[in-house]
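The listed protein sequences correspond, in order, to chains A and B. Just add 1236 to the spot in the first sequence (first one is 1) and you have our numbering. Just add 8 to the spot in the second sequence (first one is 1) and you have our numbering.
Some clues are possibly wrong.
Unchecked claim - To give a feel for the contact side, a few chain A residues facing chain B, derived at Cβ under 7 Å:
| # | residue |
| --- | --- |
| 1 | I1244 |
| 2 | F1334 |
| 3 | G1337 |
| 4 | V1391 |
| 5 | Q1395 |
| 6 | G1457 |
| 7 | W1460 |
| 8 | Y1510 |
| 9 | V1516 |
| 10 | M1517 |
| 11 | V1518 |
Because the hints were derived from the structure by calculation, they are not lab data. Note that beta-carbon positions come from the ideal geometry of N, C-alpha and C, so glycine has one too.
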Amino acid sequence: MELIGHWIGSIPDFAVPYALAALGLILTERAGVLSLGAEGFMLIGALAAIGAQLAFGATAVSLVLAMLAASAASVLFAIMVVWLRMHQVIAGLVMVFFCQGLSSLLGSVLGWTNMPVTSQGAVALWPLSELPVVGRLFVQNPVVFLTPFIFLAVVVFLQRSGAGLKLRAVGENPQAADAAGIPVETYRFLAVVAGAALVGLAGAYISLLSTKLWIAGMTGGRGWIAVALVIFARWSPWKALAGALLFGCIEALIPQLAAAGVKLPQYFVLMTPYVVTLGVMVWVAMGRQRGADAQPGALGEPYVREERR
Amino acid sequence: MTDAVSGVPAPRRFEPLFSRRYTLEIRQQMAWPQQAAVLALAVVAGLLISGAILVAAGVPAGELFQEFVVATVFDAQSLQAVLFQGAPMIMVGLAAAIAFRARYWNLGLEGQMIWGAIGATALSVYDVGPPGLRLLLMFGVALVCGLLWSLLPALLRLRWGVNEIIATLMLNYVAGNFLLHLLYGAWKDPASAFPHSPAFQPFERLPELLGPSGAALGIALVAMLGVWWLVNLSRAGLYLRFVQASPPVAHAVGVPVTRMVLVAVLLSGALAGVAGFLVTSGQEGRLTQAFYHGYGFSGILIAFLARNHPIAATVVALLIATLFVAGRSLQVFYQIPFSMVQLIQAIVVICVASSDFFIRHRLRRVLPS
């Protein structure tokens, strides 16, 4: 019972980065921009959060600066895909490589690598935190409690606001949106930048709130897993949250099993998230008949007004 | 002042710079000397930006040319190092190019390299086959292992349409962890207890051939000629060109699209597997933890910069190898982290990819009527 309590309590730590990154990606991809750069923006966010924490020591400030840093990096991506109409897969890949190189370089030049930081600890949500078994679920850092509200805000924006409707229109059919007077390029640009901010927050969560230090390449493919999660969730925020929780449950189980004395070959255990992602991708692809229309109609297509289609 | 391309005469009255209006037009085509000029400008721009970053990181501006060009190309020992580094680089570049020609994003080059190297090393660790044939066997096993590791994502993509970008990347992490499992477990070097495999026997190392890297470079050049023949002269190459242009149209005119994609992907995996063999047997002489770092990424960039052309890929691969060697000396002499090499590659590719916009579009001034 004790073990299950610990397991449940550690789920959010694994799930929240996936959830936030997937949400940011959904925001970008609903506007029709395929964002493969997530892994890179996550690294930038992770590095910036540690740097800001070393400089100012205030968790909230560091998180905001991490989001701004990831957004700043995404401006380069936005220029490439929105203004220069570059192939979005190439642009996304090169963005990942660019951010990997840049974050690793800055981390060692500025001396932020392997520097432990202290950040905002867990907060108990009394009286829920006194519940048996699930009580630990309510002793978390504030970002965890904030995450459902961030999701709510994005869903309300996408589904209930005029700007959200226009953003989705741009992602579904940019030609029609343009004809209706919606500034396609502006919407796409802002969707990339806003989405990257959330991805950066996910990275900051990993470095600042989970591991509490920076190591080059520390996100270890979580950005790619988030990309897969978005496909799994068929571009729906709530399904993405559920998927992130599923991944969180699986990843959180591993240290608990080890603690319970189950002998597992370490490196096979480390493969789990990647194997699960692959399995999920296959499962989604096999059941493609349902919800195949959920993908934004113009995802991955640069919008070229001068081209008649 | 006359616009040379369109022949539109300039307006007589001078307009202030900021009140001029421009529109964007799709360019139907651009003559190849102009295209080459745009490309060259983009590469120069990328190198200038990279140079500026290096200077900011503490390399004296005057030394850059010395470090990068003179010390690497005109020094016999460094040139040797470039060729040494170049052989596996050519292999991954070719591997990426052949897969991209089939519209398949093979981002699993590193995983396929790892399996190629594991396969080759297994023969050494378990002492399989007579010493005289050992090297040949290692080559063959590496090829097959790389091919098999690329088979799963290829089948998933062709059978169920699973996104190969995610699938191949995930399999890289799986392969990397399996490599660590071996090196920290069964294959740990008993002589030193370090997490790398025991050193290869002399007959398991690639022999010298007109210099230390001759054999590896020979294999890479043969691979280049093979790929060149395949894509330019063979029937499969013609089919691949159809597939690259448009898979549905290719299918409609009777090209066996699925089979062509499968062949291209497996060939790509095999080439990457051999690249893994070249690094372990040619350079390191044992299986190490991080021998594959940076190759997957470089392979993709090489193929992109070379527009998937095998001979161009070989040239670009040697340039990237030069960058790697120069990066190592910068690391030693100026304590610049090796990730700088990755950043420079990314910057050059961003500039080249951006320059495509100017090849495909033109800005035209709208004249006041």
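Here is what the structure says about each hint:
no.	hint	verdict
1	I1244	violated (27 Å)
2	F1334	holds (4 Å)
3	G1337	holds (3 Å)
4	V1391	violated (25 Å)
5	Q1395	violated (26 Å)
6	G1457	holds (5 Å)
7	W1460	holds (5 Å)
8	Y1510	holds (4 Å)
9	V1516	violated (10 Å)
10	M1517	holds (5 Å)
11	V1518	holds (6 Å)
Comparing the model with each numbered hint stated earlier shows that hints 1, 4, 5, 9 do not hold.
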